[in-house]
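Visitor: Each chain, written out:
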Amino acid sequence: MTAKGVLMEPLPTPLRAAHPAGERLVSVVVPVVERVDDLVALYREFTPELATRGERFEFVFVFDGGFEPSPELLLLSREIADIHLLRFAQRFGETAALRLGIERSRGEVILTLPAYPQVRPEGLAPLLDAVDGGADMAVANRSPRLDSWLNRMQSRAFHQILGGISDHRFHDMACGVRAMSRRVAEALPLYGDMHRFIPAIAMREGFVVQEVAVPQHPRNAGTRVYGPAVYFRRLLDIATFFFLAKFTEKPLRFFGLVGSAFLGVGGIVSFALLVERLQGNPIANRPLLLLGVLLIALGVQLIGLGLVGEIIVHLRAPHRRAYRVRERI
Amino acid sequence: MTVPGTPAAPPPAPDLSVVAPLYNESENVKPLVEWIVQALEGDRRSYEIILVDDGSRDDTWAQVVQAAAADHRIRGLRLGRNVGQTAAMMAGFDHAQGQVVVSLDGDLQNDPRDIPALIAKLDEGYDLVCGWRERRQDKLLLRKVPSWVANRIIRRLTGVPITDNGCSLKAYRRTLLSRISLYAEQHRFIPALSASVGARIAEMPVRHHARRFGESKYGISRTVKVLADLITLKMITTFRSRPLVGFITASLPPLGAALVFTILWLVALTQFAPVKSTALVFPGAAALWLATALYLFMLGLVAEVALRTEQASANATPTAWEVG
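The listed protein sequences derive, respectively, from chains A and B.
The first sequence maps to residues 130 to 458 in our numbering.
The second sequence maps to residues 10 to 333 in our numbering.
Here chain A stands alone, though its shape is the one from the complex (with noise of 0.2 angstroms):
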């Protein structure tokens, strides 16, 4: 995919050239990472849905490195010409399996759903319908839970947390079933393990973003257990979020803050020693010394560091656009 996913950047052109004939191509891009089931039994589950709608639609499986498609998938593909099968020579991750499925399609709307039923299929129709509605983008809400309560609570501090630090609060970001207009899709700033914010990211970038209650599916029902690691990592995404969110343009603010503090409490220890070294006490023994010069030392590089990220900020500045115009009269 072409380079536009810095945060916050303008959008280049508005919609490609519709399809003739007044028919939409829907595609449905399925990014085959970590948890993967029967994709045949999916493809048959989902699109019977599709096709009542009477739209074109297209199937983009994106297989990360280690993942195989079944021989069942490859022949299906050799006899629909609608479905299209990619694979990753390496294990790059979900955002970037769909950042290529995103590039890779040719659909004016773009599906995301995971290789595994999470929602009922009758829940797709509701997000196309709100994306033709005007929104820019429709996430689903899985509604009601079918997980345990261990699930559900774990669902809700991770949402609880993040609708504290950005402007809108979600229910359901784990869900990954959306649907967009491609040109929201090209727009997302998807790198790294971004893909779990992508309903936050839309909206931080000037998209109207609708939640769409969608019955889950009894099969993604169930207690899963994480081990700690990725509990560690969740937080580490939420971190770089939050870092994102509030400092993309003033990484100063946030570098200098934390520099300024090492810096005060430095500076303290630094002078309080100077002052007993005035009035005659040796200060040559005492290991405070490095501690005070150890902090003030840490907060010049913090604030350094932000500076330097001030200074590509700026540099960066008449490239970019921290708005996003939604309509011109």
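It is worth saying that the hints were derived from the structure and are not from the lab.
One thing to keep in mind: the hints can contain errors.
As the list claims (entries may be wrong) - Distance condition first, Cα-Cα at most 30 angstroms in a straight line; then the derived DSSO-like pairs of lysine-lysine:
id : chain 1 : residue 1 : chain 2 : residue 2
1  : B       : Lys130    : B       : Lys153
2  : A       : Lys375    : B       : Lys130
3  : B       : Lys153    : B       : Lys39
4  : A       : Lys375    : B       : Lys234
5  : B       : Lys243    : B       : Lys148
6  : B       : Lys153    : B       : Lys243
7  : B       : Lys148    : B       : Lys39
8  : A       : Lys375    : B       : Lys243
9  : B       : Lys243    : B       : Lys130
For clarity, every value in this text was computed on a predicted model and none was experimentally measured.
For chain A, the structure is supplied; the task is to place chain B on it using the hints.
Guide: Chain B only, in chain A's frame:
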């Protein structure tokens, strides 16, 4: 700058663009437009009014649509979300077509009747004319005093003799706007930024009114942030073409401190030989200071690399002004 969705055959560009950012100013839209139209009645320039709705949560946009329907000179921009005054102004500037652009607050505190005078001043050969709220109608302690202090500091630091940096009522020559790019909360530093690209700047007193409708979006906590931003901006504009010099300058004090501790250490070694082991604190401190100086030097190199990369990609040409 190319603007997405520009119609194929646009009507002739107006001479003057008036840009007003609006955030939750529903009641102010109609009177604002009426005022501007009245103020520009006698002027023979053609003009457009660009109303930028900065993600308002009230029905500001509906008001803008209504106003635009009634008068073809009124254009509206609705932003995807609330991005703040600087970015909203930038949106208006990017879409403005006039050779002269005037910005003013959407809250009726600026008086559009001052616009003709501002433009007349601009025509005397300036690139930027700033309004100066001589009799400011705001709360003394919360708004005027902090503003006075901030403006004094801004003047001192930037060396641009503008009394009132915070006044939104300003007139710009288009060529200036294409040379400065604002981001974050930099609209207050427009004079300073303009001066840094060599613009000719003037100032003139303008009227100021107390707020009639709606609420002010400013508080006193802003002053601290403004000052921090200013210091940052000052550093960046001073050293943006040679960041390494800046960082080397910054590494001199740590280097000096390292030297001081080294001397102290040598003194301790020679004078108090019996307590050699305790004198380890001094070389430690000296090493830390030295490391800091080195680190700053390295950071300067990184900044230099960033600058080179950016300039190579942007094909940056030095600013040159058309004179006359």
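Visitor: Each hint should be assessed against the structure and marked as holding or not.
Guide: For each hint, the structure was consulted:
no. : hint                 : result
1   : B:Lys130 to B:Lys153 : 26 angstroms, holds
2   : A:Lys375 to B:Lys130 : 40 angstroms, violated
3   : B:Lys153 to B:Lys39  : 28 angstroms, holds
4   : A:Lys375 to B:Lys234 : 14 angstroms, holds
5   : B:Lys243 to B:Lys148 : 29 angstroms, holds
6   : B:Lys153 to B:Lys243 : 23 angstroms, holds
7   : B:Lys148 to B:Lys39  : 26 angstroms, holds
8   : A:Lys375 to B:Lys243 : 22 angstroms, holds
9   : B:Lys243 to B:Lys130 : 28 angstroms, holds
Comparing the model with each earlier hint shows a violation of hint 2 alone; every other hint is respected.
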